[in-house]
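Visitor: Keeping their order, the protein sequence lines are chains W and B.
Residue 1 is where the first sequence starts when you use my numbering, and the numbers rise one by one after that.
Residue 1 is where the second sequence starts when you use my numbering, and the numbers rise one by one after that.
Treat the hints with care, since some could be wrong.
Taking lysine to aspartate or glutamate and the EDC-like style, the derived pairs with C-alpha atoms no more than 16 Å apart in a straight line are [as the list claims (entries may be wrong)]:
no.: 1; chain 1: B; residue 1: Lys297; chain 2: B; residue 2: Glu285
no.: 2; chain 1: W; residue 1: Lys119; chain 2: B; residue 2: Glu356
no.: 3; chain 1: B; residue 1: Lys226; chain 2: B; residue 2: Glu253
no.: 4; chain 1: B; residue 1: Lys378; chain 2: B; residue 2: Glu356
no.: 5; chain 1: W; residue 1: Lys73; chain 2: W; residue 2: Glu115
no.: 6; chain 1: B; residue 1: Lys366; chain 2: W; residue 2: Glu112
no.: 7; chain 1: B; residue 1: Lys297; chain 2: W; residue 2: Glu85
If you are wondering where the hints come from, they were derived from the structure by calculation, not from laboratory data.
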Amino acid sequence: MSQQLRKVCCLLVLYISASTVFAEHEVVLVTSTKSCLKNLSSLDIRKAFFGVPITRCGQRVRAVHSNYDTLLKKIFLQNVVSMSEDTYQRRLLHFALQAGRRLPDRVSNLNELEEILGKNANTIAVIWKKDAQDRSDKIRVVKVLWKHD
Amino acid sequence: MIVPHRSWELWSLRQWFWRQWSSRQSSWRHFAWLIYLTFPLLTFPSISIAKDNTNANESDDFQQQLLFFLDLTNRTPLNSVSTTDYNDQLIPALDISYSFSYDRFRFLTEYVASTTESEFERLQLGLALGEDSRLWFGRIHRPSRYWNSEYHHGRYLQTSISRPWIGEFEDESGPLITHITGLMLDAGFNWGSGAGMRFAASTGLSAVLEDELIPYELTDSGDGHKLGFDLRLGYLPDYFGQNEVGIVASYDEINVDLPSEISLVTNLNSIDQSMIGVYANWQFEQLTILTSAVHVKNQFHQTAVSGTTENSRFAYLQAEYEFAPSWRGFGRIERSWDAQDSLYLSLLPQVVANRELVGLRYDFPKQHALTLEFNRQKRRESHETQLCIQWSFVLP
């Protein structure tokens, strides 16, 4: 019995540590816990990050760039906007000049992000899952965008 | 600076102000004006650029955006022929773009100031018709001029220093009208697969041909501006990407108000100008190709005779190659056909019949670029060779 209990405990510890490790290697789309956003299609997420004014739950969805981690930024560019950083920045400037679209806000740390998400309910951002889990009282995961295989 | 003699008369003061504002004379005064005007904007807290572009306090419906495109350009003639007034001068230029949206309403303006000019290039009010479709009213850039629609006055965005001659603005002796004051429908259709189409059409008051094409100015409208129409239809394999192919067309009735000595010779009253063309902007890995070809037909209406026509064709092809991160080499070739004998082009102050250029651009953080360009152009009867250098950047 005690052996079985030890096995279960070991498996439980392994499971918890494994999920923590994998959570570190997952990139998620987050919003505020106050937001009613349920799910957004890949196209809607792209639209938001290119400044197209989309409305969900009766409110405009606003995108915020998380600039606090280089690897996260690379994954965002590859998997969300599918462009190099230079091309993406030029397209944003083009849309701002052409149609008056607003450039997405940028945050350089998680506290800033938490503050912005708290102020505007329909604001979305791309961060590591682990960082979202650490702030689960204020930040809610909308969608997993990337997983390390 | 001359101060208005009867400054208590508000109307006169307003006229004096606008004359100063929109004057085309070369002077540093334009730049000083702009600094006076932008300083309060920069210090205005809700559009401050000091907080890394974070405007968290804006309401959900009200959003605004302020951009500054700055550049310093020097053009050194390498042969004795110099046909422009600003060669071998360091010319600073500032392009301010401000926009706001509230609910379905949009406002967008672009103001350009340099030591050679100072004016509102665009001032438009818009109504959102869908997620990515708008109806604009005001002074706009014509959608049928692809280069202008892509880069507007933001020189940082274009890789080369010079624009193709068919994309030049009216006050830079461009042969096609680039501004129109009226209505524009700008609509985007996203097919869900990632691809999409853009459609834009505009109509409004176009330009009068004097010593150059003079578009309708909001501050000094002038007389004789007739209607123009244009449209553009583009296919985008990635709706948000830069790759695009499309067709453009325009039609203008251009009133002619030439200086009397030329007017006596030509007897021209007006010109009906129609244009049709194609364009492509395509990126293949590190290589980008940007090209356009247009056919222009001018029908002249003279005092005694009517209906004389002439045709000209213009094309350019620009290739850009990113051979190392942040380093880009580029080259462009511009050609014209039946341009040398064109009556219409002979009425413009400058003609660039053919041009070849090569250059190198280096991008460095944050959003700065240094560009070197060597170009050789055939004007009416002479060749001109220039070495240009430019530092351009954008804030925030």
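Visitor: Given the hinted pair B/Lys226 and B/Glu253, is their Cα-Cα distance within 16 Å?
Guide: Measuring from Cα to Cα gives roughly 6 Å; hence the hint holds.
Visitor: For B/Lys366 and W/Glu112, compute the direct alpha-carbon distance and say whether it is at most 16 Å.
Guide: 21 Å, violated
Visitor: Between B/Lys297 and B/Glu285, does the CA-CA distance stay at or below 16 Å?
Guide: With Cα atoms ~37 Å apart, B/Lys297 and B/Glu285 exceed 16 Å; violated.
Visitor: Between the alpha carbons of W/Lys73 and W/Glu115, is the straight-line distance 16 Å or under?
Guide: Violated, because 20 Å separates the two Cα atoms, which is more than 16 Å.
Visitor: Could you grab the alpha-carbon distance between W/Lys119 and B/Glu356 and see if it respects the 16 Å cut-off?
Guide: Roughly 54 Å between the alpha carbons, so the hint for W/Lys119 and B/Glu356 is violated.
Visitor: Holds or violated: are the alpha carbons of B/Lys297 and W/Glu85 at most 16 Å from each other?
Guide: The given pair, whose Cα atoms are some 42 Å apart, is violated under the 16 Å limit.
Visitor: Given the hinted pair B/Lys378 and B/Glu356, is their Cα-Cα distance within 16 Å?
Guide: Holds - the C-alpha atoms of B/Glu356 and B/Lys378 are around 9 Å apart, at most 16 Å.
Figure legend: structure checked against the earlier numbered hints; hints not met, in rising order: 1, 2, 5, 6 and 7.
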